[in-house]
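Engineer: Protein chains in written order, with our numbering: chain A, 433 to 746; chain P, 433 to 746.
Keep in mind that the hints were calculated from the coordinates and are not lab data.
Every value quoted in this text rests on a predicted model; they were computed, and no experiment measured them.
Relax, there's no trap hidden among the hints.
If you anchor each label on the Cβ, the simulated ranges turn out as follows:
1) A/A647 to P/G505: 48 to 58 Å
2) P/D626 to A/N631: 25 to 35 Å
3) A/D629 to P/R503: 34 to 44 Å
4) A/G444 to P/R677: 55 to 65 Å
5) A/V461 to P/K725: 18 to 28 Å
6) P/D626 to A/S688: 45 to 55 Å
7) A/D629 to P/A635: 31 to 41 Å
8) A/E730 to P/N631: 46 to 56 Å
Listed next, the in silico DSBU-like pairs over lysine-lysine satisfying Cα-Cα at most 35 Å (straight line):
9) P/K739 to A/K718
10) P/K589 to P/K646
11) A/K739 to P/K718
12) A/K589 to P/K718
13) A/K725 to P/K589
14) P/K589 to A/K589
15) A/K718 to P/K718
16) P/K646 to A/K718
17) P/K739 to A/K739
In this text, a Cβ means the ideal position worked out from N, Cα and C, and glycines have one as well.
2 protein chains.
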Amino acid sequence: MDRATVESLRGGNSRAVARAISAVERGGVEAREVIAALFRYTGRAHVIGVTGAPGTGKSTLVNEIAKLYRRRGHRLGIVAVDPTSPFTGGAILGDRLRMQDLAGDDGVFIRSMATRGNLGGLASATSDTIKVLDAAGFAIVLVETVGAGQSEVDIAKNAHTTLVVDAPGLGDDIQAIKAGILEIADILIVNKADHDDANSTVAALEMNLNLKPKAENDWRPPVLKTIAIQGEGIADAVEWIGKHRAYLESNHLLESRERARLRAELELVAQRELMTRLVRGVNGSKIEALVEKMAAREMDVYQAVEKLIGDTHS
Amino acid sequence: MDRATVESLRGGNSRAVARAISAVERGGVEAREVIAALFRYTGRAHVIGVTGAPGTGKSTLVNEIAKLYRRRGHRLGIVAVDPTSPFTGGAILGDRLRMQDLAGDDGVFIRSMATRGNLGGLASATSDTIKVLDAAGFAIVLVETVGAGQSEVDIAKNAHTTLVVDAPGLGDDIQAIKAGILEIADILIVNKADHDDANSTVAALEMNLNLKPKAENDWRPPVLKTIAIQGEGIADAVEWIGKHRAYLESNHLLESRERARLRAELELVAQRELMTRLVRGVNGSKIEALVEKMAAREMDVYQAVEKLIGDTHS
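Let the sequences and hints guide you as you build the complete structure.
Structural biologist: Okay, structure coming up:
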């Protein structure tokens, strides 16, 4: 990345930002060059993760939060991550359509990302995209995931503040998903709060929070009600995001979260790099021969791995 | 694993099976020993993956399919994988309750598995659990996932036949999930077929299938209707599972699927092993020093990885 491109990107030029993000999505040498040029300018953005089960209306919520920040004059980036679409791109088109009232606004940069068969690759690309937006001077980066599971955990690792969105009237499976992601929430939001069962959803979440033992100075996630589609409750949510940020700062937790995040990133990238080197260092017929032995039940997977890794060291 | 335990497990003793599965879940040396003892007895079971978005009723469907196989005298294992529960176990209790009419039947073995913060670990444990059930002589192993995303892809890699369950009247996000997992389906099931919109869901799926170019001898996934909660359509689903198995056999695809599966498993386990060795080979303060440099923006993650991996080789 040449000096002029870096300066243009830091000035918030959206073409330069878009190109840099495309490069980190492609990965490899291109991603390395972009990050090498930009990493020194990162560390200023407040990264806000928004996650929750399908059907909770979190895209609408992200949209409304973004609009409120814009009215207050903040520049912001939105990264919509879709780990549920391993094969086909474009699955989150519906969500993006809902965001069209933000399009054409230079103070907002929106990017959708999907896995292409590799969760680790998506996690790296998301993490690098946040860095690009951070370096480009976006004070706030909203990271939304569609889906459930490991992706939420990865988001929580990237975010300073994590919003978990719930809604009344979802089915059993959804409740199961909820159980897993509650624990990463800094702020809980019951969206679609005009629904009849909203208060019982709030009560269930409060009860769940009460079950967890807390030290005196621990952050207790508030449970907020919103009707995102009507813009209700958004100002309150944004106020709580600010409160959480202040809590992190006054307790020196920004630094420790940042270090934990960097450590996780280091491990992830190291793991992928080791695998790349292994595959490069071993010829294909060696791997095929091991697969044949496994198929014949002469060797199990652990024995085959021992053979494979042993060989690259000799 | 001693000879007597292996024999007891191969005879289908459910305590021996349960202990072996607990060992593979703990991973490490224990998992290696179990697999080393049992791998030679695997390769006989028909592994059937069942997946789909939350709210489609796939647990009920799995339950009904299992009951039908039991009535026909087959012994079977059910593995319910919950990648959406990274932190807490027990999230799928609701699903297990629905299966209580199968409990106490020696011809059925049911096991629930949840991630504990590590998708790779869950994939290995699931794969090894299938091997244990296979070695224990269960002719059919049903593997169900709650959730969406990468987990479905991993399931498809383990299964000979993959059922993707859909239902009418789900929301936008659910449709997005569907787009990703349609491509791994051998059999498509529209459950809750008594719902008004069932026929339009079937039509949408058929249309989607028609979009994909197929060679002459390719398998075309049937789109079946079920009302699992009333047991309707189950016999038809089971018949199609048999047809798919026959198709795989007559086209010599069982072998090629098995090899692809073994290759993916080899890569997964090799990756985890390399990482374990790396972490073991580097002292912790080295990693902390790199994290500090990253935090100070003196080094980006790619440079830190270069430093980390370079050091273990010297």
